[in-house]
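Protein chains in written order, with our numbering: chain A, 12 to 363; chain B, 20 to 356.
Be aware that a few hints might be false.
As the list claims (entries may be wrong) - List of simulated lysine-lysine pairs, BS3-like, C-alpha gap at most 27 Å:
# : chain 1 : residue 1 : chain 2 : residue 2
1 : B       : K157      : A       : K270
2 : A       : K266      : B       : K117
3 : B       : K157      : A       : K266
4 : B       : K356      : B       : K285
Stated by the list, open to error - Selected chain A positions facing chain B (Cβ under 8 Å, derived; list incomplete):
# : residue
5 : S22
6 : K249
7 : Y253
8 : A262
Said to hold, decoys possible - Just the calculated beta-carbon pair ranges, DEER-fashion:
#  : chain 1 : residue 1 : chain 2 : residue 2 : range
9  : A       : V51       : B       : S189      : 42 to 50 Å
10 : A       : D264      : B       : E336      : 41 to 49 Å
11 : A       : F54       : B       : M120      : 46 to 54 Å
Hints listed in this document are in silico derivations from the structure and should not be mistaken for laboratory results.
Glycine included, C-beta positions come from ideal geometry on N, C-alpha and C.
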Amino acid sequence: MKKEKITEYKSESVFRKRLRRFRSLKRGYYSFLIIVTLYVISFFCPLLMNHKALIVKYEGKLYFPAFKYHPGKFFGQDIYGEANYRDLKGQFDVERRGNWVLMPPYPYGPYETLLDKTGEPPNPPSKDHWFGTDDRGRDVFVRLAYGFNVSISFAICVLVVAYSIGITIGASLGYFGGRFDIIFQRFIEIWSAMPFLYTVMIVASIVLPNFGLLVLVLCLFRWMGMTYYMRGEFYREKAKDYVQAAIAMGATDRKVIFKHILPNALTPVITFAPFNLVVFIGSLVGLDFLGFGLPPPTPSWGELIRQGMANIFSWWLVLFTFTALFFTLILVVFVGEAVRQAFDPRAFSRLR
Amino acid sequence: MNKTGKPVIQIRDLKVHFPVFGGVFLGKVAEVKAVDGISFDLLEGETLGLVGESGCGKTTVGRAIINILRSTAPDVIVGGEVLFHTDNGTVDVANMNKRRMRHYRSMVQMIFQDPYASLNPRLTVARIVEEPLLIHTKMNKAQREERIGWLLEKVGLDPEQAQRYPHEFSGGQRQRIGIARALATNPKVIIADEPVSALDVSIQAQVINQLQDLQDELGLTFLFIAHDLSVVEHISQRIEVMYLGHIVEIGPSDMVYNDPRHPYTKALLSAVPLPDPKGAAGRQRIILTGDVPTPLHKPSGCPFRTRCPIAKPICAEHLPPLEDHGGGRLVACPWVK
Chain A
12 MKKEKITEYK SESVFRKRLR RFRSLKRGYY SFLIIVTLYV ISFFCPLLMN HKALIVKYEG
72 KLYFPAFKYH PGKFFGQDIY GEANYRDLKG QFDVERRGNW VLMPPYPYGP YETLLDKTGE
132 PPNPPSKDHW FGTDDRGRDV FVRLAYGFNV SISFAICVLV VAYSIGITIG ASLGYFGGRF
192 DIIFQRFIEI WSAMPFLYTV MIVASIVLPN FGLLVLVLCL FRWMGMTYYM RGEFYREKAK
252 DYVQAAIAMG ATDRKVIFKH ILPNALTPVI TFAPFNLVVF IGSLVGLDFL GFGLPPPTPS
312 WGELIRQGMA NIFSWWLVLF TFTALFFTLI LVVFVGEAVR QAFDPRAFSR LR
Chain B
20 MNKTGKPVIQ IRDLKVHFPV FGGVFLGKVA EVKAVDGISF DLLEGETLGL VGESGCGKTT
80 VGRAIINILR STAPDVIVGG EVLFHTDNGT VDVANMNKRR MRHYRSMVQM IFQDPYASLN
140 PRLTVARIVE EPLLIHTKMN KAQREERIGW LLEKVGLDPE QAQRYPHEFS GGQRQRIGIA
200 RALATNPKVI IADEPVSALD VSIQAQVINQ LQDLQDELGL TFLFIAHDLS VVEHISQRIE
260 VMYLGHIVEI GPSDMVYNDP RHPYTKALLS AVPLPDPKGA AGRQRIILTG DVPTPLHKPS
320 GCPFRTRCPI AKPICAEHLP PLEDHGGGRL VACPWVK
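Bound conformation, chain A alone (with noise of 0.2 Å):
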């Protein structure tokens, strides 16, 4: 009978420990729910926001322009180049020949300027442009909807990268220590006095800067923060028993490292992640905004607070730049600070 109880008990790993206890802090919870899944639907924005059409049903044949370039002749459209799909959708629905367009639920694209619209660009807020249009004419809405997924993916490609080399080089000066973690160290200290915004302007005059450039040169910066955790989690794990076992019976460096003392030396790049993101969207948010940042036509966020600046009167540029920009940031943080507490020993061993 005793034997039945333990069978039916669920061991639960300190992994899992910690996931439910993130789960249990709702505000954490909800916000990383929300943040991931807008961050999924907006890598679906050609499908949700474009002036391309998603479905042309023309002469009997259906066409999919979303997916492929269909000039404007061949519609019957009098105009060069891509076939202007919110005219042709007009020009069908009063033919009513069998032909028709669906449009996306939010028919502009990010990059077409509208210059039909009366009156100079930036034009405030109305029906059709939910947030305006900026200095070129472009839909606001829409390059904040795609500038937020650029944004996100930029900071988690340099997350993934600075943290990957911090984690590497941490690790190993924590594990190997003596002559080698004297040298580096100072090596890092001397880096890390290098003028981030120095080098980022040098680099741009001499080349015109693209998403891999951005990540690779602000992971140069960003590297450093992580290793000096890595080398501390390192030096402490290694000097307890378990490793000590485990160099023991014979297991090589590299097993000692990875199965051993780098699960058990996560807990602050986990919770320094979120708040990491953060920064590295500040980052981009600020190179867009002084011009160092992505090429143009690219929809950023600093792009069009720089715009707000220039056209100070066109409250609409910054006021929505600045709402977006905040309320992700604040998301990022919530789930940085729940992953924080859920990962706190102490409070963690008192809910146990």
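Starting from the known structure of chain A, arrange chain B on it as the hints suggest.
Just chain B now, kept in the frame of chain A:
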């Protein structure tokens, strides 16, 4: 057990010095002489108890034997020889090639003091006990599972608990998991570094009896490191007393325990609480004055002279050698013959 067993491990003039770095350029400014020239044999099938107060170098000796000092102190200076005798000849642990070292690691295992720190909290018990099997044997999964079950049963755990995590076990149970891990590869020698000092007294007895049963059954050789003399007396055939990196007395357990010769051994034994208070009343307590000198600045000559009740000026001149007192006993004091 057979006291005439041939030596499995021979320690010859073992020295372990930890350099202390300091100053602007982090040069070596001093040395902690944790172990300073000790020699002894570990005989096959015996239990050798290694006792001494905290900081005397007991644990360092154990860690030097299983060769894990360099992992925490890359700059440690290890001198002397640790010779390991196998059927295929004798090898020095210091200059082993990789293949030999692998074999040695499967033959000499360690049980750690702290059962809470010695098990990886991320791995289940099965994975912990499985690891040495993965490293040293070519068993397939089913064979390993079977061996894990057998090992857990051997150390008195329920094999059904193999999928649990270490934090779900009590201290004594965790120490048993550590023992199962040490036994996984069928080692010859087990270095037990204070295996019971972190446990409750009632659990201590259980674990020690378990160790003795396992020794009888599997023919193990134990180096039993402890500071608790009553525990050591119970389990060991021979006792070795260390003070500040030196051996001061070594000999058969009953001789050392009932008739200590070295003044330090006498003081140490007089501090052991007796179960019968009436007997304790008649006993002479030797209370040592002062603290243990730091191994950074050891006294010249005999390391014990600063606290020794029978010290003479000549003690400061040179280190007293271990002298044979008959019956397999060696004592490092010229005044007690």
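Results of checking the hints against the structure:
Between K157 (chain B) and K270 (chain A), the direct Cα distance comes to roughly 20 Å. Compliance with the 27 Å bound is thereby established for this hinted pair. Between the alpha carbons of K266 (chain A) and K117 (chain B) the distance comes to roughly 16 Å, so the proposed pair stays at or under 27 Å and holds. Taking the CA atoms of K157 (chain B) and K266 (chain A), the gap is about 17 Å. The hint holds against a cut of 27 Å. For a cut-off of 27 Å, the pair hint linking K356 (chain B) to K285 (chain B) stands: about 14 Å separates their Cα positions.
Taking 8 Å as the C-beta cut-off, the interface hint given for S22 (chain A) holds, the closest approach to chain B being about 4 Å. With its C-beta approaching chain B no nearer than about 7 Å, K249 (chain A) sits inside the 8 Å limit, and its interface hint holds. At about 4 Å, the closest approach between the beta carbon of Y253 (chain A) and any beta carbon in chain B falls short of 8 Å, and the interface hint on this residue holds. Evaluation of the A262 (chain A) hint against chain B yields a held restraint, the C-beta minimum of about 6 Å falling below 8 Å.
Our hint of 42 to 50 Å for V51 (chain A) and S189 (chain B) holds, since their Cβ atoms are close to 46 Å apart. Take D264 (chain A) and E336 (chain B): their Cβ atoms lie about 47 Å apart, and the range 41 to 49 Å holds. At about 52 Å, the beta-carbon gap between F54 (chain A) and M120 (chain B) stays in the expected band of 46 to 54 Å.
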